[in-house]
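Here's the letter readout for the chains.
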Amino acid sequence: MSASPVVDTFRDARYALLAIPIIIAYGMILLFFDQFLFFSPYFTLYVPSSGVENLALDIVLTVLTGLVLTVSIRQLVLQRGGRGTSRVGAVGIIAAVIAGACPCYYLVPLLAVAGAVGGALGAVGILLNAFQVPIKVAAVLVSTYKLDKSGVCKIRTHVRNVSKTQSL
Amino acid sequence: MPPQLRLIWLQAFLRDPTLGSANASVTVVEFGDYQCPTCGGWYKTQEASLVQNLVDTGKAKLVWRDFDFYGPDSVSASEAAYAAREQGRFWQFHDLLFENQQTPNGGWASRPNLVKFAQQLGLNMTEFIQDLNSKKYDPLIDANHSLGVQAGVTETPTFFLVGPNGEIVTIAGAQPESVFEQAVAQLTGG
Chain A
0 MSASPVVDTF RDARYALLAI PIIIAYGMIL LFFDQFLFFS PYFTLYVPSS
50 GVENLALDIV LTVLTGLVLT VSIRQLVLQR GGRGTSRVGA VGIIAAVIAG
100 ACPCYYLVPL LAVAGAVGGA LGAVGILLNA FQVPIKVAAV LVSTYKLDKS
150 GVCKIRTHVR NVSKTQSL
Chain B
0 MPPQLRLIWL QAFLRDPTLG SANASVTVVE FGDYQCPTCG GWYKTQEASL
50 VQNLVDTGKA KLVWRDFDFY GPDSVSASEA AYAAREQGRF WQFHDLLFEN
100 QQTPNGGWAS RPNLVKFAQQ LGLNMTEFIQ DLNSKKYDPL IDANHSLGVQ
150 AGVTETPTFF LVGPNGEIVT IAGAQPESVF EQAVAQLTGG
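As you go down the protein sequences, you meet chains A and B in turn.
Numbering that gives the first Met the number 0 numbers the first residue of the first sequence as 0 and each following residue consecutively.
Numbering that gives the first Met the number 0 numbers the first residue of the second sequence as 0 and each following residue consecutively.
These are computed hints drawn from the structure, not numbers from a lab.
The model shown is predicted, which means the values in this text are computed figures rather than measured ones.
Even glycine gets a Cβ: it sits at the ideal position worked out from N, Cα and C.
Some clues are possibly wrong.
[Unchecked claim] Short derived list, chain A residues pointing at chain B, Cβ under 7 angstroms:
1. PRO40
2. PHE42
3. PRO47
4. CYS152
Using the sequences plus the hints, can you model the full thing?
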């Protein structure tokens, strides 16, 4: 009997290796959206002095997500190959992966419902299993903090014609 | 958008506040919002280096275009900067806005505060308030926004570097000054 799914997962070299591209890919996405990494006009990695705190949060979140995703994938694989009583469909796997990867963690319940449609209740159960819960909670806290701190000025709506200024 | 049409949209006009020599071979057109934290961050960490290394050396000139999307205070800030321009203090007011930038729509760019900034710069207040309330800058601010949309601005700050041969390099986001130097070298074959 294992001590923890996390420890078990990373004892297996295949999953330890799998975590590396997951962490790199997820990290690059976060760094891009937080404007530490630019692909155009030139590939540029730049961390302003004011961005160190945000970069630290990105790294923490990336590692946490890498852990959660790798453990989830291993458990999904074991479940598929093992008992066979809880079939995890493609939709369920995608839901689980997105639930782990998406920085918008409020989507998790929604994705759990979507996963259920694909016969993935087992996958959702796995995601909420013992050691992943505190990791998820930590990730949620970090994500919430990050969302609050996010200062990137992406255009959502154009307000120019919505409200005009008042005179003094 | 066809490149030639895009170039026309990005040409610096006499109406545009411009910093640097008119003969500079590269024009850096910045689309920004005074309330945008990323614009403020770029101003605080990069603009001085860009001015020192590219504008003061005559390699490039910097043009400001408003791309106000955060709210009414963004528009007020743009109007106030243009009102300061009437007294030859556009760039000083522009700098003061970014140096005093706080949370978007938190009231720091309210019209009473903009008047305080003008007082701080020692502007003629009667003229400033009259110009600020005149609404005469609205067509320019609207036009700048339209130009930005047409040019494909999706975030602020976005910079378009127009070279001597009409080649355009787009720099989206608060990228380091070294990227601008690299782009200017590319555009001028340096």
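List of violated hint numbers, smallest to largest: Hint 2 contradicted; others consistent.
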